[in-house]
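Enquirer: Listed below are the residues making up each chain.
2 protein chains.
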Amino acid sequence: MPDPVEKPLSNAASAVDSLRALIFDGSLAAGSDHLESELALRLGMSRTPVREAVLTLAAQGLLDVRPRKGVRILPVSPADMREIYDVLTELESLAAADAARRNHSPAALQPLAQTILDMDTALTAKNREAWADADDRFHTELVRLGGNSRIIMIVGMMADQVRRARAVTLYMRPVPSQSNADHRGVLEAIRNRDPKAAERIHRAHRIGAKEMLTELLDRYRLQNL
Amino acid sequence: MPDPVEKPLSNAASAVDSLRALIFDGSLAAGSDHLESELALRLGMSRTPVREAVLTLAAQGLLDVRPRKGVRILPVSPADMREIYDVLTELESLAAADAARRNHSPAALQPLAQTILDMDTALTAKNREAWADADDRFHTELVRLGGNSRIIMIVGMMADQVRRARAVTLYMRPVPSQSNADHRGVLEAIRNRDPKAAERIHRAHRIGAKEMLTELLDRYRLQNL
DNA sequence: GCATTTATTAATGCATACGCAGTAAATGCA
DNA sequence: TGCATTTACTGCGTATGCATTAATAAATGC
Numbered sequence: 001m002p003d004p005v006e007k008p009l010s011n012a013a014s015a016v017d018s019l020r021a022l023i024f025d026g027s028l029a030a031g032s033d034h035l036e037s038e039l040a041l042r043l044g045m046s047r048t049p050v051r052e053a054v055l056t057l058a059a060q061g062l063l064d065v066r067p068r069k070g071v072r073i074l075p076v077s078p079a080d081m082r083e084i085y086d087v088l089t090e091l092e093s094l095a096a097a098d099a100a101r102r103n104h105s106p107a108a109l110q111p112l113a114q115t116i117l118d119m120d121t122a123l124t125a126k127n128r129e130a131w132a133d134a135d136d137r138f139h140t141e142l143v144r145l146g147g148n149s150r151i152i153m154i155v156g157m158m159a160d161q162v163r164r165a166r167a168v169t170l171y172m173r174p175v176p177s178q179s180n181a182d183h184r185g186v187l188e189a190i191r192n193r194d195p196k197a198a199e200r201i202h203r204a205h206r207i208g209a210k211e212m213l214t215e216l217l218d219r220y221r222l223q224n225l
Numbered sequence: 001m002p003d004p005v006e007k008p009l010s011n012a013a014s015a016v017d018s019l020r021a022l023i024f025d026g027s028l029a030a031g032s033d034h035l036e037s038e039l040a041l042r043l044g045m046s047r048t049p050v051r052e053a054v055l056t057l058a059a060q061g062l063l064d065v066r067p068r069k070g071v072r073i074l075p076v077s078p079a080d081m082r083e084i085y086d087v088l089t090e091l092e093s094l095a096a097a098d099a100a101r102r103n104h105s106p107a108a109l110q111p112l113a114q115t116i117l118d119m120d121t122a123l124t125a126k127n128r129e130a131w132a133d134a135d136d137r138f139h140t141e142l143v144r145l146g147g148n149s150r151i152i153m154i155v156g157m158m159a160d161q162v163r164r165a166r167a168v169t170l171y172m173r174p175v176p177s178q179s180n181a182d183h184r185g186v187l188e189a190i191r192n193r194d195p196k197a198a199e200r201i202h203r204a205h206r207i208g209a210k211e212m213l214t215e216l217l218d219r220y221r222l223q224n225l
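Protein sequences, first through last, are from chains A and B. FYI, the UniProt record's numbering numbers position 46 of the first sequence as 46, with every residue one higher than the one before it. FYI, the UniProt record's numbering numbers position 194 of the second sequence as 194, with every residue one higher than the one before it.
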């Protein structure tokens, strides 16, 4: 029986969730400073769990604790973007190759296939948010299939760091129709147990994304997102 | 004038340092559990800064907080070792290529060259600890030259996670004479501004290390280090 | 003798208090 | 007016205490 009881989540844990949400939706703006006491007030708890949450988020590279100046929500520069996409390119491509090596059953590949369908649907409906969401799920699912827990964690961290920036560029970029083709290629390579192809296609996909994004940031002079 | 005054380091920060040292030298054994209050007593401070330190180390994958059971020092299994070396292989190889692209001056490459000399010296003196130390510095310096701050952080984290395991295998493994040749090759490629070669040589180096280590762990049935 | 319930223990999560140190404001002086 | 020094302030680092609740032991029932 699947446990229907979900434990009520500690204050510190919910502070992590809340702060992440506030950062991603811009309520805590990039580059802005916030006192611990202020955040505690906002979240309706004492400084102690907020401090713990802040420590956790600092370890994940989302903010920086600057004693007496408050915690700073870390902005993402074009240089940061390049760094992050370089890491994503390497680790996700390895994950793609690993996924192809692992003899996954069709059923195991179903969630990945679904994200591609979802992206088609979103693209047809011209719903960019839904597209971005499905795209995100594709990458998450891909590294999950790769089976390396460290890669899963690191890719999650890096994806979080660029989440805001991606949201900003979502409506500036050209219609992301190429992505689906790339994703299909990766899925096919995994189905065919072809690690080299999976790696190659995914790498090209990520390099393309990196170039598109950094070109966009440069063009619009977006120095800090 | 270089500031000669070093600020006295907070209790939380020194707790991180102390705990790391205790974990690396085995005083806090892999797989063992420890109460916060116990650690606080040991470090001569209250639970608060210890809790913060523990949170930080948990984020770095060195231990796991298990409510009411104490913090568990995470052991490293052969599977963990493979995961970690796969990540190191990808990211360090990229760093090697980046380092070769960056037009580093000979002076900038000096610290890297020095680690190779130190390894020679240690090898001649049959001093394995000194060799391991220099080897570590080579890899640290290499990723530093690559210039990607995320890679620097991640590689540091991964290296920490396998530190104990490496120490254990240090005296089991064959004399590491091949390593120096590989390191020299990487340095030469960087000097020659040959990213492809740097990447290729370093990748082979890391893959070799991974195979040697995992074979060793399997042979001696070392399930948890 | 074993399973189930109840009681006990104690480690944690959190709130709170306080002193210190770093920053800014204010003052004094040239 | 510009700069140095003093003063005031306030945010943080840490200690401490307590309520909660999970884990263990005890007790009860079958």
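If you are wondering where the hints come from, they were derived from the structure by calculation, not from laboratory data. Be careful, since some hints might not be right.
Copies of one chain are not kept apart here, so a pair can be met inside one copy or by any two copies together.
Claimed, not checked - Heads up, simulated SDA-like pairs for lysine to any residue below, C-alpha to C-alpha not over 25 Å straight-line:
1) Lys69 with Asn127
2) Lys196 with Gln223
3) Lys196 with Asp80
4) Lys126 with Arg137
5) Lys196 with Pro8
6) Lys69 with Met172
7) Lys196 with Leu123
8) Lys69 with Leu9
9) Lys196 with Asp17
10) Lys126 with Met153
11) Lys196 with Ala79
12) Lys69 with Ser149
As the structure is a prediction and not an experimental result, all values here were calculated from the model.
Enquirer: If any of the earlier hints don't hold here, list their numbers in rising order.
Expert: The structure conflicts with hints 1, 2, 5, 6, 7, 9, 10, although it agrees with all the remaining ones.
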